[in-house]
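Trainee: The chain contents come next:
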Amino acid sequence: MATRGVSSGIAETRETIAWRLATVVDIVTETPRARTLVLDVPGWLGHRAGQHVDVRLTAEDGYQAERSYSIASAPEDPRIALTVQRLDDGEVSPYLTDVLRAGDRLELRGPIGGYFVWTVGLGGPLLVVAGGSGIVPLMAMLRHRAIALATANMQTRHVVPARLLYSARRWGDVFYRDELARLAEHDETLEVTFTLTHEAPPGWTGFQRRIDRMMLAEVAWPPAERPHVFVCGPTPMVEAAAAALVELGHDAAGLKTERFGPTGGAT
Amino acid sequence: MEAEELRLDGNAAAGILSEVLVPDVTTARARCAGCGAMREMGALLVYPHGMGIVIRCPSCDAVILRIARTRTQLLLDLSGATLLVIPR
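In the order they appear, the protein sequences are chains A and B.
Its first residue numbered 62, the first sequence is counted upward by one per residue in my numbering.
Its first residue numbered 3, the second sequence is counted upward by one per residue in my numbering.
Calculated directly from the structure, the hints in this document are not laboratory data.
Quantities reported herein were computed from a predicted structural model and do not represent experimental measurements.
Backbone N, C-alpha and C define an ideal beta-carbon position, used for all residues, glycine too.
A hint or two may mislead.
[Said to hold, decoys possible] Listed below are several chain B residues computed to face chain A (Cβ distance under 10 Å; list not exhaustive):
hint, residue
1, 12
2, 17
3, 20
4, 21
5, 26
6, 28
7, 63
8, 89
[To be verified] Label pairs and their in silico Cβ distance ranges:
hint, chain 1, residue 1, chain 2, residue 2, range
9, B, 74, A, 262, 51 to 59 Å
10, A, 263, B, 71, 47 to 55 Å
11, B, 8, A, 117, 39 to 47 Å
12, A, 79, B, 60, 25 to 33 Å
13, B, 77, A, 82, 23 to 31 Å
14, B, 78, A, 123, 19 to 27 Å
[To be verified] Here are a few chain A residues that face chain B, going by a calculated C-beta distance under 8 Å:
hint, residue
15, 175
16, 231
17, 319
Build the full structure now, drawing on both the sequences and the hints.
Mentor: Here it is in structure tokens:
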């Protein structure tokens, strides 16, 4: 009897990562190269902020290509949102950004990855450092935090203050600009800092260089505050930022990274 | 392209590993056969290639795990891990 119980338990948990057929309910243009796919996923059991899904495309001849995309939406949102940046030589992303339309179906499995996740229950302070499209899983964390805190008391709000340092090539490449501005405007415990590495609009007073140690010393919480740190972006950016944070005295064990690989180079 | 630019985190391997191990392997801990370091899988380094992935230790660069997919089989080489601790 015990054995049967165990095996049925395994079958139930395995079901959570089965391939599912999602329906595209909306497509939002974020930047000239990036779109958010809003998906209805039948049987979706929910996710935690920071997790991703695997998307699988199958060609007529049976050839399959599979890629991972971070979930941008908060766990509280019944639909899941993926923001996808088009890679010009990509096998999967150009289909997702240019071909897919509302009403189309898309095969995916998830949520995947319990390592790079944050929930309000883990506490703060929270430091999230994004390079380019690396903002996506971090946005899920900030959206989750905003929803959770909207219903929390003042004491909780001050227990989980958050800072975002977001590096992009130019202002037009920044995802979720209006929403980030709105979130920061209504929340004194959220600080959003941008750095633009290639080109800044006239009158820009913010940072204009790649993320470095000096910038992190200025923006990050002091190591003594023991922040939860999440860094996501292209591999060279993530490794530079993580190394700088460790040099500043942050505990490498409390610092979680998600490298996106060479997705469009320097940010 | 430099090999180091293709380096990803253990998270990137979670999908394919869920096919042979548990649904979420990123919070499982693996002990490196090369140096003995014990880390969460999500903190290991993933090098994707055409057929699958190679997972290396961030401390000593030894190969901890390899997984490859063919049309009919999944091949898993765990000889670089002396211990795998999977949360229940």
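Trainee: Hint by hint, note whether the structure agrees.
Mentor: Checked hints:
Proximity of residue 12(B) to chain A holds as hinted, the smallest CB-CB distance being about 7 Å (cut-off 10 Å). For residue 17(B), the interface hint holds, the least distance from its beta-carbon to any beta-carbon of chain A being 4 Å, beneath 10 Å. Proximity of residue 20(B) to chain A holds as hinted, the smallest CB-CB distance being about 5 Å (cut-off 10 Å). Taking 10 Å as the C-beta cut-off, the interface hint given for residue 21(B) holds, the closest approach to chain A being about 9 Å.
With a least beta-carbon distance of about 4 Å to chain A, the hint placing residue 26(B) at the interface is held under the 10 Å criterion. At a threshold of 10 Å, the smallest CB-CB gap from residue 28(B) to chain A is about 4 Å, leaving the interface hint in force. Interface restraint check for residue 63(B): the shortest CB-CB distance to chain A comes to about 14 Å, outside 10 Å, so the restraint is violated. Hint on residue 89(B) holds. Least Cβ distance to chain A is approximately 9 Å, under the 10 Å limit.
Checked against the given bound of 51 to 59 Å, the beta carbons of residue 74(B) and residue 262(A), roughly 55 Å apart, stay inside it. At about 51 Å, the CB distance of residue 263(A) to residue 71(B) agrees with the hint of 47 to 55 Å. Evaluation of the 39 to 47 Å hint for residue 8(B) and residue 117(A) yields a failure: the beta carbon distance comes to about 21 Å. Roughly 31 Å separates the CB atoms of residue 79(A) and residue 60(B), a value that falls within the hinted 25 to 33 Å.
A hinted range of 23 to 31 Å for the beta carbons of residue 77(B) and residue 82(A) is consistent with their spacing of about 28 Å. A beta carbon spacing of about 24 Å between residue 78(B) and residue 123(A) agrees with the range 19 to 27 Å that was offered as a hint. The beta carbon of residue 175(A) is positioned within 8 Å of a beta carbon in chain B (closest approach about 4 Å), and the interface hint is therefore held. The interface hint given for residue 231(A) is broken, as the beta carbon of that residue sits about 22 Å from the closest beta carbon of chain B, more than 8 Å.
A distance limit of 8 Å between C-beta atoms decides the matter here; for residue 319(A) the minimum to chain B is near 5 Å, and the interface restraint holds.
Checked against the numbered hints given earlier, this structure breaks hints 7, 11 and 16; the rest are met.
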